[in-house]
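Colleague: Chain by chain, the residues run as shown.
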Amino acid sequence: MVHWARAGCLWFVVLFGCDGAIGGAGDAGGSDPFSGPGANEVGATGAQVMARLNQTEYRNTVRDLLGTQLDPSANFPADDVSLGFDNIAQVLTVSPLQFELYEQAAQELAEEVLTTGIRDTIVFCDPNDQGCRDDVFRDLASRAWRRPATDEEVARLQGLVDVALNEGEGVEQGLELAIHGILLSPHFIYRPELDDDPSSTEPRALNDYELASRLSYFLWSSMPDDALFEAAANGALRDDAGLRAEVDRMLLDPKAQALVENFAGQWLRIRSLQDHVPDYAAFPEWDNALRDAMSQEAKLFFGEFLSGNAAMDEFLLTDFTFLNDRLAAHYGLPFDLGSQLQRVDLEETDPRFGFLTLGSLLTVTSTPIRTSPVKRGVWILEQLLCSEPPPPPPGVEGLPEDDMSSGSLREQLERHRADPTCASCHNLMDPLGLGLEHYDAIGSYRTEDSGFPIDASGQLIDGQSFTNAREMAALIQQDQRFDLCVVEKMFTYALGRPAATTEHPFIEAIAQAFAQSSSELPELIKLIVTSEPFRTRRGTMEETP
Amino acid sequence: MLGGAGALLSLPLFESLIGDTAYADDSFPARLICFYLPNGMHMAAWTPAQTGSNFELSPILQPLAPVKDQILVISGLSNTPAQPDGPGDHAGGTSGFLTAAHANKSETEIRLGISMDQVIANQIGDATRIPSMQIGIDGGGNSGGCDSGYGCAYSRNISWASETQPLSKTTSAQVVFNQIFEGTDPNATIEEQERRKLYRTSILDYVNDQAQAIQSKLGYTDRAKLDQYTTGIFELEQRLSKAALVCGATEEPSDTSDIVEKVRIMNDLMVLALQCDATRVITFMLGNAGSNRSYPFLGASGGHHNYSHHQGDPANHAALQAIDTWEVEQLSYLLQRMNEVPEGTGTLLQHSQVFFSCEIEDGDAHRHRNLPIILAGGCHGAYSTGRHIDYEPNKSTNGPPIANLFLTMMAAMGVNQSSFGDNSTGPLGQL
Chain A
0 MVHWARAGCL
10 WFVVLFGCDG
20 AIGGAGDAGG
30 SDPFSGPGAN
40 EVGATGAQVM
50 ARLNQTEYRN
60 TVRDLLGTQL
70 DPSANFPADD
80 VSLGFDNIAQ
90 VLTVSPLQFE
100 LYEQAAQELA
110 EEVLTTGIRD
120 TIVFCDPNDQ
130 GCRDDVFRDL
140 ASRAWRRPAT
150 DEEVARLQGL
160 VDVALNEGEG
170 VEQGLELAIH
180 GILLSPHFIY
190 RPELDDDPSS
200 TEPRALNDYE
210 LASRLSYFLW
220 SSMPDDALFE
230 AAANGALRDD
240 AGLRAEVDRM
250 LLDPKAQALV
260 ENFAGQWLRI
270 RSLQDHVPDY
280 AAFPEWDNAL
290 RDAMSQEAKL
300 FFGEFLSGNA
310 AMDEFLLTDF
320 TFLNDRLAAH
330 YGLPFDLGSQ
340 LQRVDLEETD
350 PRFGFLTLGS
360 LLTVTSTPIR
370 TSPVKRGVWI
380 LEQLLCSEPP
390 PPPPGVEGLP
400 EDDMSSGSLR
410 EQLERHRADP
420 TCASCHNLMD
430 PLGLGLEHYD
440 AIGSYRTEDS
450 GFPIDASGQL
460 IDGQSFTNAR
470 EMAALIQQDQ
480 RFDLCVVEKM
490 FTYALGRPAA
500 TTEHPFIEAI
510 AQAFAQSSSE
520 LPELIKLIVT
530 SEPFRTRRGT
540 MEETP
Chain B
0 MLGGAGALLS
10 LPLFESLIGD
20 TAYADDSFPA
30 RLICFYLPNG
40 MHMAAWTPAQ
50 TGSNFELSPI
60 LQPLAPVKDQ
70 ILVISGLSNT
80 PAQPDGPGDH
90 AGGTSGFLTA
100 AHANKSETEI
110 RLGISMDQVI
120 ANQIGDATRI
130 PSMQIGIDGG
140 GNSGGCDSGY
150 GCAYSRNISW
160 ASETQPLSKT
170 TSAQVVFNQI
180 FEGTDPNATI
190 EEQERRKLYR
200 TSILDYVNDQ
210 AQAIQSKLGY
220 TDRAKLDQYT
230 TGIFELEQRL
240 SKAALVCGAT
250 EEPSDTSDIV
260 EKVRIMNDLM
270 VLALQCDATR
280 VITFMLGNAG
290 SNRSYPFLGA
300 SGGHHNYSHH
310 QGDPANHAAL
320 QAIDTWEVEQ
330 LSYLLQRMNE
340 VPEGTGTLLQ
350 HSQVFFSCEI
360 EDGDAHRHRN
370 LPIILAGGCH
380 GAYSTGRHID
390 YEPNKSTNGP
400 PIANLFLTMM
410 AAMGVNQSSF
420 GDNSTGPLGQ
430 L
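If you read the protein sequences in the order shown, they are chains A and B. One point on numbering: in numbering that gives the first Met the number 0, the residue at position 478 of the first sequence is 477, and numbering is uninterrupted. One point on numbering: in numbering that gives the first Met the number 0, the residue at position 155 of the second sequence is 154, and numbering is uninterrupted.
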């Protein structure tokens, strides 16, 4: 990883427009927003909007709360995505339809709890006895709402039982109403962090249970388990050591696969593979087996980083990947493997060496018919360097689909860059994408495209040049923006919101500490969860009318 | 028919009633469907050569031949508020589709305007069990951004309850079906149904109390979030206070990933919802903004959005024309089904209006003027159908605002407003 002494003006690089017209180096110094509030300064933590469980979190939470096999969330409307993630609280709304589906889901789940083997785990005593019902409600509501239920809340649940009893029905019906109520409660649907003074912008420490929920939804996309609740109750999450120990424990749990599915699945676009349909005529070899193998490869690959078996300073330059027979053949690599993916060691001369050369990314950044160096370049800029190129001016078109009559793709793009309006941004994007031209639209290695020999050499905007994809990957790997970007993406996902301007010093500090560490992802996770923004919250001032 | 098997509708179809003798029956309510298509239209094969009532259907409009006398083809209207700040035409056009409002360019600060279907639902929604329905085909890509710095909410929703609340659509036929028939249980006695209602109301009261109890400990942003939840409670309570639907024989549809089958099922369900008067306002998205769906069964497997950036290439034009024609076939199917539903002396189609359009005009130029529009159904004689009207023959000029058409459409539903959206100037004439 980079040495942080050199990283002074990093944020300005990130925020520049293509030609440096936005902002400008001259702004650095006194008005530098990032040298403003220090890491511990009051007001630094950004405002947190109340999160509602997204579809994945709802599914996982009812699974872990009840042990149900049902997935009523399958029919929920898709969650709106922001910043590339589906857990951004600000844009997660509840429409009347969504509420109606919550109500149906709660009813379905309550019935299932009481009519299947689940019953004994939830109703663990004789519910004809009111004291037992108190215990049952207190236990279930406290877990469902992820903090101890109050006596008054438990009493109100007894009130729902009374509704059934007054109708001349049995306790069983009353239990159903109460469980339904617990699962439809705003304390279940949302993750409220309540403030005594909600208009205060002064950060306060989260309480133990709020912190436990933040941890579990970050690492597991689900509710805390008994051990985490216990840690919260014991105050074990109040110091760095306790938090770090809890992260270690939680990452060993199979539920941590949620970080692969949901964080990497979105950041690295592994999920997109499910929706991508390469053209059958152009790629008759594409099928579900190949798709699944690519998807598995990317997940297992990221898993090595998540488990600390590989460090982030080799993310783009690994000497391993995961293959089965099918994928090895697709990549043209001479491995004798079965249908299960296995970790394989790669040679220095192999054309596969790190995330950029994985079939999943190469495929989803292509069109169904051909590669798109622009899409690939934009992905690298946005997702690995957090350096968003300004989008094209209005009325600007893409390339025609399959028209190669006028030269190679590189030549077409070069003509495009001859136009100065296009050049300022495409000089940023195109070289990155063209560096990957040896990989076709479904990630096969090739030496020519439609008869034109591939030239994967190029020059980055800062003048550094490369002759092939491996050299390009090395340049990106060493780019300081990459270190910051990994932190920024994970921070955004961890908190379900973008970093506030006042939080950029935290991000820089985390990136710096991470670079000085072993660069293993578990350490980055620990740096994030022990940071002030993760452990504190603040309210928002009332909007002036 | 739904699921391919069995009769969905027990109401007999009196085809003989339909024809020249049919006229709108005022004892039936006015109804609205807004039908959204992504990626614009191949205009050269869309726009009829003639205007007035003697127009000939263009190649893409051919599937509408059976209902030609019940449609208006409208050219020349513009939606300038839909013009994004810089790029993002798909998001801008989609968010402006029914709002004629300008979207705030942001990933997280979502701010737009109320959509015209919701203005209508606010006024007439009380009359039915469901104030309005939002239906679609695609939930959303599994990952990746949406459009040029605009949060995905702008690309995936066309119904907006307020400036800040998009109404998410369902893409599940089962959910649509359950919405329509929710609470209908032919096996339950009246006493059982009443008890069920009491239970549900009690639970709603309980969670409403919980929501009220935390209001004072939430900041204003979070209170707005919780308002969405309590609105959900309120709407469900309203529904429970209304009688369950008794309408038609019913067979629950199954969800399918086959696009052709899925669109047909959704079309059938929209007809059913209107016919049963479960709702009077529906919006439907045949794809999300800038959809890159491939249509291998039309010989167009390259991705719709890719084709739409045609650059004048005849091969791309051919693919677009195939996709656009297929889309119009789906509209035609819907209109014909509506026309087969007798209502008094008229038909469901004669009592309804179906607005069909795209987020942009040409997919390559991303223009927000000369939008391709079909307005179908007479809506109780509000429109003199069977014509092509061109409001702005000069295609390089912005014609009248589409917000004016929305004012007229609202009036046809009995909702009279003097202005709508960002730039209305008054109801559109000549309709």
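A portion of the hints provided could be inaccurate.
[Claimed, not checked] Quick list of simulated restraints, FRET-style, between CB atoms:
| id | chain 1 | residue 1 | chain 2 | residue 2 | range |
| --- | --- | --- | --- | --- | --- |
| 1 | A | Ala328 | B | Gln310 | 34 to 40 Å |
| 2 | B | Gln310 | A | Asn287 | 50 to 56 Å |
| 3 | B | Glu55 | A | Thr446 | 51 to 57 Å |
| 4 | B | Thr255 | A | Thr446 | 40 to 46 Å |
[Stated by the list, open to error] Some, not all, of what chain B presents toward chain A, calculated at C-beta under 7 Å:
| id | residue |
| --- | --- |
| 5 | Val174 |
| 6 | Arg194 |
| 7 | Lys196 |
| 8 | Tyr198 |
| 9 | Thr200 |
| 10 | Ile202 |
| 11 | Ala210 |
| 12 | Leu235 |
| 13 | Gly302 |
| 14 | His304 |
Because the hints were derived from the structure by calculation, they are not lab data. Model, not experiment: these values are computed from the prediction. Glycine included, every Cβ here is placed at the ideal spot set by N, Cα and C.
Colleague: Holds or violated: is there a CB of chain A closer than 7 Å to the CB of Thr200 (chain B)?
Modeller: Constraint on Thr200 (chain B) not satisfied, violated at 9 Å.
Colleague: Could you check if Arg194 (chain B) really has its C-beta closer than 7 Å to a C-beta on chain A?
Modeller: holds (6 Å)
Colleague: Does the closest beta carbon of chain A sit nearer than 7 Å to the beta carbon of Lys196 (chain B)?
Modeller: violated (11 Å)
Colleague: Would the hint on Gly302 (chain B) stand, with a C-beta cut-off of 7 Å toward chain A?
Modeller: holds (5 Å)
Colleague: Note whether the CB distance of Gln310 (chain B) and Asn287 (chain A) lies within 50 to 56 Å or breaks it.
Modeller: violated (33 Å)
Colleague: May I ask you to test the interface hint for Ala210 (chain B) with respect to chain A, counting a Cβ-Cβ separation under 7 Å as satisfied?
Modeller: It holds, given that the least Cβ distance between Ala210 (chain B) and chain A is near 5 Å, below 7 Å.
Colleague: Are Glu55 (chain B) and Thr446 (chain A) spaced within 51 to 57 Å by their CB atoms?
Modeller: holds (53 Å)
Colleague: Quick check: does the Cβ-Cβ distance between Thr255 (chain B) and Thr446 (chain A) fall within 40 to 46 Å?
Modeller: This hint holds: roughly 42 Å between Cβ atoms.
Colleague: At a threshold of 7 Å, is the proposed contact between His304 (chain B) and chain A supported by beta-carbon distances?
Modeller: violated (9 Å)
Colleague: Hey, does the Ile202 (chain B) contact hint survive, CB to chain A under 7 Å?
Modeller: The hint holds - Ile202 (chain B) has a Cβ within 7 Å of chain A, the shortest such distance being about 5 Å.
Colleague: Between Ala328 (chain A) and Gln310 (chain B), is the Cβ distance one that fits in 34 to 40 Å?
Modeller: With Cβ atoms ~37 Å apart, the hint holds.
Colleague: Does Leu235 (chain B) meet its interface restraint, that is, does its C-beta lie within less than 7 Å of any C-beta in chain A?
Modeller: holds (6 Å)
Hints 2, 7, 9 and 14 from the earlier list are contradicted by this structure; the remaining hints agree with it.
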